[in-house]
Each structure stands twice: as structure tokens, then as C-alpha cells.
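**Q** In the UniProt record's numbering, the protein residues as written are 1 to 905.
Hints are computed from structural coordinates only; laboratory data are not their basis.
Any given hint could be a false lead.
Said to hold, decoys possible - DSS-like cross-link-like pairs, simulated, lysine-lysine; straight-line CA separation at most 27 Å: (1) Lys619 / Lys887; (2) Lys755 / Lys282; (3) Lys301 / Lys407; (4) Lys103 / Lys115; (5) Lys672 / Lys622; (6) Lys845 / Lys610; (7) Lys755 / Lys774; (8) Lys845 / Lys774; (9) Lys89 / Lys129; (10) Lys129 / Lys103; (11) Lys89 / Lys115; (12) Lys820 / Lys845; (13) Lys282 / Lys231; (14) Lys315 / Lys282; (15) Lys512 / Lys377; (16) Lys129 / Lys144; (17) Lys301 / Lys315; (18) Lys845 / Lys860; (19) Lys551 / Lys619; (20) Lys115 / Lys129; (21) Lys774 / Lys820; (22) Lys672 / Lys662; (23) Lys103 / Lys182; (24) Lys115 / Lys148; (25) Lys282 / Lys182; (26) Lys820 / Lys860; (27) Lys619 / Lys413; (28) Lys845 / Lys619; (29) Lys250 / Lys231; (30) Lys610 / Lys413; (31) Lys181 / Lys281; (32) Lys887 / Lys845; (33) Lys89 / Lys144.
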Amino acid sequence: MAISFSLSNFISAMCVGCTFLGMASLATIVGLWTAQLLPSTEPPAEPWNEHRLPDTLVPDYYNITLWPRLQPNIHGLFVFTGNSSVVFKCLRETDLILIHSNKLNLTSIDGYLAKLSALGTSVAPSIQKTWMQETTQYLVIQLKGTLKAGELYELYTEFVGELADDLAGFYRSEYEENGEKKIVATSQMHPTHARKTFPCFDEPAMRAVFYITLIHDRGTVALSNGMEIEKVDTVLDGQPVTMTTFEPTKNMSSYLLALVVSDYTNVTSANDTLIRIWARKKAIEDGHGDYALNKTGPILKFFENYYSVPYPLSKSDQIALPDFYFGAMENWGLVTYRETNLLYDPVISSNANKERTATIIAHELAHMWFGNLVTLKWWNEVWLNEGFASYVSYLGADFAEPSWNVKDLIILKDVHRVFAVDALASSHPLSSNEEDIIKPEQITEQFDTVSYSKGASVLRMLSDFLTEPVFVQGLNTYLTMFAYQNTVGEDLWNHLQTAVDKTGTVLPLSVKEIMDRWVLQMGFPVVTVNTTTGHVNMIVFSYAAFHSDMKATGNEWVLVNLNITGYYRVNYDTENWERLLNQLTENHEAVPVINRAQIVDDAFNLARAKIIPVTLALKTTKYLSEEREYMPWQSALNNLDYFYLMFTQTDVYELLQNYTRKQVTPLFEHFKTITEDWLHVPTGHTDQYNQVNAIRFACSTGVDECQNLTTGWYRQWMDQSNHNPIHPNLRSTVYCSAIASGGADEWDFGWQMFKTATIGIEADKLMSALACAKDSTLLERYLGYTLDASMIRKQDATSVIVYIASNPDGQTLAWDFVRKNWVYMFTEYGVGSFNFASLISGITKTFSTESELEQLLQFKSDNAEIGFGSGTAALEQAIEKTKANIKWVAENQREITDWLMAESA
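Work out the full structure, taking the sequences as your base and the hints as a guide.
**A** Below, the structure written as C-alpha cells:
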């Protein structure tokens with residue numbers, strides 16, 4: 001008999017004292033986090049040395065004309081020229097104008113870098129002095145008189161900028177089509193790069209309307225947030241061009257502006273809203289935009305119904321770009337994507353690619369309301385914007401693909417993922433103090449796993465304990481009241497509280513009081529259940545009211561946090577652990593599949609924290625020889641991966657390989673049977689994922705039949721390169737396995753296929769597989785390619801280095817390479833394209849020895865002067881993780897060795 005408890009059980013089914021516990025989890029976890037700010041003793045700085053704009057001016061609208069040159073000038077540079085006028089209102093009398101401008105060469109007008117005029121009856125003061133303040137990225141304009149409160153003024157600038165390949169602001173992307181190099185002018189304004197495109201008040205609360213005109217080569221297409229309303233062919237500077245004017249944008253933040261000039265084409269659907277999917281002509285002709293087109297309409301409709309607010313724009317454009325820093329960007333009305341995230345080719349793309357396309361489209365479209373229609377005032381609450389879109393992306397994708405059960409996968413992809421980060425002392429609260437996040441690099445650092453995945457996890461929990469009808473009722477009034485405005489997180493809590501009050505929902509505390517516990521402190525609770533006494537403990541808090549409900553006798557077992565709706569881990573007394581393990585062995589299907597994944601993940605992580613023995617965690621994997629479901633297997637493999645990382649260079653490695661091989665072989669045989677000797681793929685979405693796991697681990701642990709299978713498939717492809725016999729789902733795994741067991745011929749063939757791949761999804765699979773080689777010469781060659789953009793795109797360089805570092809044969813090579821080239825990568829090559837946080841965390845994840853710790857500390861010391869930018873926090877986490885790894889190996893290696901030896905005897 002099972003006794004199961006979920007978060008809502010805690011809230012609805014028990015007495016008041018118990019209900020309070022149900023929140024925490026919620027209410028009392030790890031002593032409230034507070035921050036004390038010491039008063040500054042420094043003299044007040046000049047306004048232009050402050051990173052935040054003063055509260056004296058606010059923009060009303062911009063008129064912007066930009067002309068990107070898609071051919072280099074006589075100096076070999078790609079540039080854009082432009083002019084901008086911003087009409088702004090003076091809120092408080094001032095003799096100073098500060099407006100963001102970065103890396104723009106402003107044209108002198110009457111001896112100054114801008115021209116000021118007044119709208120209305122007053123006269124604009126004349127300019128005394130203008131200059132660029134590079135450290136704070138301002139154009140500074142000192143006036144001889146003062147601007148008057150309540151009056152409107154207009155500031156006009158002309159400028160030239162570089163259309164660089166740095167993936168920031170207005171930038172250049174390149175690709176080849178039919179042997180011809182093509183140039184795309186595109187943009188990434190988020191979070192602080194609009195100022196690199198035109199002078200602007202570049203803060204999220206400085207909303208304005210943007211009137212955009214793009215001048216571009218005839219035969220190219222210009223796109224922006226609004227619909228194209230006029231196209232005029234003309235001649236400028238002797239060049240035949242087209243001037244495209246767009247409908248004015250809605251009142252919005254500067255970071256949401258988007259501009260693209262290309263020779264792309266599109267597929268279109270015009271039901272309620274005009275939907276266009278834009279990409280390279282060949283990709284559209286080959287149907288690679290069709291899946292995105294077919295799913296965008298239903299997902300938009302889903303969110304219209306979910307929010308009970310109509311889609312606010314006249315069209316929804318989505319465009320696939322060859323070079324793009326983020327996975328995608330929610331520019332209002334023109335969403336930009338990496339090609340691999342928007343395009344889907346049924347011949348080449350896997351079911352994982354398909355799922356990623358559906359969930360990323362849902363994530364970006366969720367922002368059209370939450371983030372764009374209503375925008376948070378400042379970047380210290382990034383988590384609410386990104387966490388919310390991450391959570392509801394599963395709901396949107398589930399609506400578009402109901403057979404996938406994709407909502408369950410948030411457990412693996414977000415909840416378990418962020419638990420690992422949030423357990424570290426170097427984690428951080430979801431919300432930061434506004435005054436602590438002011439510099440561009442501090443803003444960029446906010447976009448991390450905690451913001452996205454913990455944000456998604458706690459909002460899912462909030463929706464669960466409020467119930468979804470109450471949650472969406474609060475969302476609706478929030479979006480309606482604050483449309484085209486900026487908010488703080490507390491505004492959302494207030495609207496959810498109103499919904500709670502109106503519906504008579506009973507909570508032990510207010511929504512704000514509950515959520516402050518999760519938002520203002522880092523970490524998460526561990527709920528400990530003693531089924532002998534009935535006691536439930538959270539860290540140091542216990543509630544006697546649970547005694548009778550949590551007792552178990554005989555073969556009864558207790559399971560807490562059903563379907564993992566709560567953001568906390570669960571520990572039990574030893575007897576209940578043993579009863580759960582017996583249940584898994586006797587009939588694992590009596591435990592819900594999500595909780596089978598939870599039992600494994602909680603056990604391994606509680607063992608990491610020395611709360612339970614490491615052998616108890618290992619015991620949760622014994623039943624896997626009978627398990628066929630994806631989520632428990634993936635949970636186990638994720639956790640065993642840590643053992644592999646720690647023991648790759650030790651004698652434990654072979655024992656671990658033997659044990660994993662024994663457990664995975666029945667899974668391999670299962671998929672061989674149900675696919676009729678690999679002729680088909682399983683029908684279920686997650687079954688297809690688990691087939692990949694079966695092949696990947698059977699091959700990597702040395703199952704001969706598996707290795708013969710993958711090398712045979714790859715050899716067939718080498719013999720007939722225009723016909724790839726490997727199913728798209730299996731390609732990543734098969735390529736890696738074949739290249740790992742092969743030599744230079746297999747690697748060179750893979751490289752050739754990578755360079756000639758016509759779709760980014762296939763290129764990505766080959767790019768990761770090429771890092772699986774065991775030959776150090778091949779791996780060193782591959783590392784060298786990451787600093788040559790003609791070999792590896794800048795946006796992919798981080799990934800390639802991390803892939804190589806994930807290969808036991810490449811780890812030291814990759815670390816040496818990064819140390820040797822850090823200054824060049826950080827100051828020159830990688831600016832705007834390297835993800836330094838991912839690079840540092842990816843390359844150090846195996847570190848578990850004193851010598852590696854010394855190297856890491858030396859690396860920090862050697863580069864202290866130039867710094868680590870967005871990788872600063874990741875470096876501190878790497879040092880902390882390495883120390884923890886050293887301690888863990890010392891404490892656990894003997895016990896793990898003995899257990900694995902006994903199991904493989």
C-alpha cells in the first residue's frame with residue numbers, strides 16, 4: 001500500500017499547522033535571506049559616470065532611418081549609416097541630456113554631436129558642450145540653459161556604425177548559398193545593444209514608439225517589428241536602393257526593436273493574424289519552415305486564450321539566422337532565432353529537434369504578452385520574465401503537440417537541472433537588489449540557469465498551489481492593468497492575491513509573503529519524513545501535526561511531493577527508503593513515473609550532501625534493468641554522469657562501465673526487439689529518447705553488438721555520402737560512437753559532411769560528434785578551428801571547446817587551450833560571441849584534484865586584470881565545485897568501489 005503526498009495535499013487536506021508546512025517548503029525554509037547595504041562614503045559622482053539614467057527625461061517616440069551596406073567599403077569594413085530623432089519629455093528641469101550611444105561615430109552638426117530643438121512654444125537652450133563618455137556608454141550634452149519640466153524636445157543625431165560580425169546591436173551574418181557568399185544585416189538589441197545601433201534611452205522602463213525606415217539594396221527584403229507600409233525605389237549616392245517604411249511600433253522598450261535586411265523568402269499563413277516564417281530561400285523551398293508555420297498559429301491562439309488578452313500586433317514574423325548569440329529573441333513582432341531552433345527538416349531533424357522548435361516558439365510567443373506588452377522595470381527581476389516564459393512554454397508546446405506529454409519534461413530539463421546549481425553556495429536569489437545590477441556585464445550575468453529554470457520551477461509550483469484558474473485570473477488582470485507599461489514583481493503578486501481573495505482560495509500567508517521566501521533567498525528546502533514517528537522536518541523546522549498522517553507500518557511506503565510540483569527535495573527514514581527500493585524492485589510501475597525519476601535524483605543529491613549513504617543512492621539504479629521509461633533512465637544517467645566525471649582517470653571507471661553495461665543491456669535488447677532489429681523507431685516521443693539512451697550507453701560501455709551496429713551504419717554512409725542511412729534521432733549518438741572508435745578517415749569524413757551540411761541541425765550533430773575522437777592530434781586541430789571563423793562560426797566556438805572538454809581524451813587539451821588563449825578570446829576574438837560562463841563551467845566540470853584546483857586558482861590570478869566578464873560568477877562556482885569534488889572523491893571512492901565490485905561479481 002502506498003501513501004502519496006503532493007504539494008496540494010499539504011495545502012488542502014491537512015490542518016492549519018500542516019498547511020503552513022505545505023508552503024514549505026514555502027514559508028520557513030532556510031532562514032530569510034536579507035541584504036544589508038552599507039552607506040557609501042564616496043562623494044557623489046557626476047551623472048555621466050553613473051550607469052543608470054537620471055529621472056529627468058523620458059522618450060516619447062523615435063524617427064530612425066538606417067542604411068546597412070551589404071558590401072565592404074574601400075577600407076574593407078561593412079558599415080551602416082543612419083540618423084535618428086528622439087522626441088522626449090522633460091520631467092524635471094535640467095541642463096544635461098544623457099542618452100546611450102556605444103561604438104557609433106556621430107557626425108558633427110554645427111560643431112556638436114547632436115542638434116536640439118523644442119516642440120511647442122518654448123525655445124530649446126543652446127548646447128554648451130557634447131562628448132562621448134565611453135565607460136558608461138553615453139552621449140553627454142551639456143546645455144547653456146535648462147530644459148523645462150512638462151515640455152517636449154527633439155534631439156537629432158547622424159552617425160556611422162560598423163556592421164560587425166559580433167552578434168550585438170545591428171550586425172552582420174554570413175552564409176553560403178549555391179557557392180555564393182550572402183550577407184544578412186540583422187540585430188540583437190537585448191539587453192543593452194540598441195545603443196550600438198542609434199542613440200537612445202536604452203533602459204527597459206524608457207518605453208517609446210519607434211518609426212523605422214530601412215534603406216537597402218534593391219532585390220533585398222527589409223523587416224522590422226511593424227508591418228511594411230511603404231516601399232519606394234530610389235537612388236542615393238548613385239546607388240539604386242529601396243526605402244521601406246514600417247508601421248510605428250507599439251509603445252515598447254528599446255531592447256525589443258528588431259531590424260533585418262536579407263534576400264530571404266517566407267511561408268505565410270493569414271488566418272486571424274498574419275504569420276510569416278522567414279529563412280534562406282533554399283530552406284523555405286525545401287519546406288524547412290513549414291513545421292514552425294503550422295505550430296505558430298495554434299500556439300498564439302493558446303496564449304490568447306490562456307492570458308484572455310488578444311495578440312496585440314498586426315503580424316507575427318519569425319526569422320531563422322545563420323549567426324545568432326541566443327537561442328532566440330522575443331523582439332515584438334519579429335522574433336529572431338538560430339536556424340537550428342526554428343527550421344525543421346523531417347528527413348534530417350530528430351524528434352528532439354522538433355520538440356526544441358515547438359518549445360522555443362512557445363517560449364518566445366509567451367513573451368509577446370508577458371515581457372513585451374508588460375515589461376519589468378529593471379534587469380534585477382529578469383527571472384520573472386524568463387522563468388515565466390520557460391514555464392508556460394511547456395503549456396504552449398503541449399497544446400501544439402498533445403501526444404508528447406511534454407509538460408512532464410520540465411522535471412528533467414528545469415527542476416532537476418537547477419537543483420544542482422541552486423545547491424551551491426555561489427548560487428544567488430532569483431531577485432537581486434536593483435542597485436547591484438547596473439553594468440552591462442552584470443545585466444548579462446542575470447540570464448542564467450537560476451533565472452530560467454528555478455524561475456520556471458517556482459512559478460509552476462505557484463500555479464499548482466493557487467490552482468491554474470486562479471493563477472491565470474491574476475495574470476489576466478495584471479496584463480490588462482499594466483498593458484504598455486513597466487512593473488515590478490510585487491505587482492504580479494498583488495494581482496494574484498486579488499484573484500485568491502475573489503475566489504475564496506485559502507492560503508496560510510499572502511502570495512507575496514509566500515513568494516518572498518522563494519525569491520529573496522537562494523537554495524531550496526529538504527523535507528525529511530520519518531515514517532516511524534510521523535515527524536516531518538524541514539532543515540531545522542518540524543511540525544508535530546504531521547505525525548499521524550506520515551506514519552507507515554508493514555510494507556506501506558510514503559511518497560512525498562507527488563509529480564514534483566514543489567521545489568524541494570525529499571528525504572526519508574532508512575526503513576521507508578528500503579520499502580521504496582523494494583517496491584521498485586517488485587513492481588516499479590506502482591510508483592508514478594515522474595516520482596521514479598525523483599527518487600533517483602533526490603537520493604543521489606542527498607548522498608552528495610552526505611545526508612544519506614552513497615550506496616543507498618546507487619541502490620536506486622538496481623531496478624533499472626527492468627525499467628523501460630525515459631524519465632527514470634535519464635535521471636539515473638544524469639546522476640551517474642557525475643560519477644563518470646569524477647572517476648574517469650581512476651580505477652573506478654572500469655567498474656562503473658561494467659555496472660552500467662549490465663543495467664543498460666536489457667534496455668538495448670528491448671529497443672532492438674520493438675524496432676524489429678532497428679528497422680523502425682518507437683512510436684512514443686519519450687520512447688524515442690530512451691532508444692537513444694540505450695544505444696549511447698550500450699556503445700560507450702562496450703557492448704560489442706552496439707559498436708558494430710554504429711560503425712556499420714557510419715561506414716555505409718562513408719561509402720555513399722549522398723545517402724545517409726542513419727535515422728535522424730540516432731545520428732548524434734551514432735556519429736559520436738563511430739568517430740570515437742574510428743581514426744582520421746572517420747573524422748575527416750565527418751568534418752567534410754559538417755562543412756557541406758545544408759541545414760544547421762545536421763551541422764550541429766556533426767559538430768558535437770567530431771569532439772568524440774580519441775586522437776589528440778585531431779582534437780588539437782579541432783580546438784584550433786574555434787579561433788578561425790571560416791572553420792567554426794563564432795557563435796559555436798564555446799560549444800565546440802566544451803564538447804572537447806567533455807571527452808576524457810580532450811579534457812586536458814581543452815583546458816590548456818583556454819588558458820593559453822584566454823586574453824585573446826576575452827578581449828578580441830570572442831567579444832559578443834563567446835559565452836564565457838558556459839565555457840568556464842563546461843571546461844572545469846571534471847575537476848576533482850588538488851592540482852586542478854591550483855591550476856584554476858592560478859588561472860583566476862593570472863587573468864585578474866583583464867577579468868572574466870559574464871563568466872565571473874561561473875569561475876567562482878567552478879572553484880567551489882572543484883573543492884566540493886575533491887572532498888567528495890576522498891570521502892566516497894572506497895565505498896563506491898566496494899559496492900560496484902560486489903554488484904559486478
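**Q** If a hint holds in the structure, say so; if it doesn't, say that too.
**A** Each hint tested on the structure:
1. This hinted pair checks out: Lys619 and Lys887 have alpha carbons roughly 22 Å apart, not beyond 27 Å.
2. For the hint pairing Lys755 with Lys282, the CA-to-CA distance comes to about 17 Å; that is within 27 Å, so the pair holds.
3. A threshold of 27 Å between alpha carbons decides the hint, and for Lys301 with Lys407 the separation of about 18 Å falls inside it, so the pair holds.
4. Annotation: proposed proximity of Lys103 to Lys115 holds, straight-line Cα distance about 19 Å (limit 27 Å).
5. This hinted pair checks out: Lys672 and Lys622 have alpha carbons roughly 22 Å apart, not beyond 27 Å.
6. A distance of roughly 20 Å separates the Cα atoms of Lys845 and Lys610; the hinted pair therefore holds under the 27 Å criterion.
7. Taking the CA atoms of Lys755 and Lys774, the gap is near 21 Å; set against the 27 Å cutoff, the hint holds.
8. For the given pair, Lys845 sits about 19 Å from Lys774 by alpha-carbon distance, which is consistent with the 27 Å threshold.
9. Our distance criterion of 27 Å between C-alpha atoms is met by Lys89 and Lys129, whose separation comes to about 21 Å.
10. The suggested pairing of Lys129 with Lys103 holds, with an alpha-carbon distance near 20 Å, which does not exceed 27 Å.
11. The suggested pairing of Lys89 with Lys115 holds, with an alpha-carbon distance near 16 Å, which does not exceed 27 Å.
12. Annotation: proposed proximity of Lys820 to Lys845 holds, straight-line Cα distance about 19 Å (limit 27 Å).
13. As the CA atoms of Lys282 and Lys231 are separated by approximately 25 Å, the hinted pair is consistent with the 27 Å bound.
14. Proximity of Lys315 to Lys282 is assessed by CA-CA distance (about 24 Å); at most 27 Å being required, the pair is judged to hold.
15. Pair hint Lys512 plus Lys377 holds up; C-alpha atoms about 18 Å apart against a cutoff of 27 Å.
16. About 9 Å separates the Cα atoms of Lys129 and Lys144, which keeps this hinted pair within 27 Å; it holds.
17. About 13 Å separates the Cα atoms of Lys301 and Lys315, which keeps this hinted pair within 27 Å; it holds.
18. A hinted pair counts as satisfied when its Cα atoms are at most 27 Å apart, and Lys845 with Lys860 qualifies at roughly 16 Å.
19. With a C-alpha separation of about 24 Å, the suggested pair Lys551 and Lys619 falls inside the 27 Å cut-off, and the hint holds.
20. At roughly 11 Å between alpha-carbon atoms, Lys115 and Lys129 fall within 27 Å of each other, so this suggested pair holds.
21. At roughly 22 Å between alpha-carbon atoms, Lys774 and Lys820 fall within 27 Å of each other, so this suggested pair holds.
22. Our distance criterion of 27 Å between C-alpha atoms is met by Lys672 and Lys662, whose separation comes to about 16 Å.
23. Of the pairs offered as hints, the one joining Lys103 and Lys182 holds, with about 25 Å between alpha carbons and a cut-off of 27 Å not exceeded.
24. A distance of roughly 17 Å separates the Cα atoms of Lys115 and Lys148; the hinted pair therefore holds under the 27 Å criterion.
25. Under the criterion of a C-alpha separation no larger than 27 Å, the hint pairing Lys282 with Lys182 is consistent with the structure, at around 13 Å.
26. Restraint check for Lys820 and Lys860: satisfied, since their Cα atoms lie roughly 13 Å apart, inside the 27 Å limit.
27. For a cut-off of 27 Å, the pair hint linking Lys619 to Lys413 stands: about 24 Å separates their Cα positions.
28. A threshold of 27 Å between alpha carbons decides the hint, and for Lys845 with Lys619 the separation of about 25 Å falls inside it, so the pair holds.
29. Straight-line distance between C-alpha atoms of Lys250 and Lys231 comes to about 21 Å, which keeps the hinted pair within the 27 Å bound.
30. Taking the CA atoms of Lys610 and Lys413, the gap is about 25 Å. The hint holds against a cut of 27 Å.
31. With a CA separation close to 14 Å, the supplied pair Lys181 and Lys281 stays within the 27 Å bound.
32. The hinted pair formed by Lys887 and Lys845 meets the criterion: a straight-line CA distance of about 15 Å does not exceed 27 Å.
33. Pair hint Lys89 plus Lys144 holds up; C-alpha atoms about 18 Å apart against a cutoff of 27 Å.
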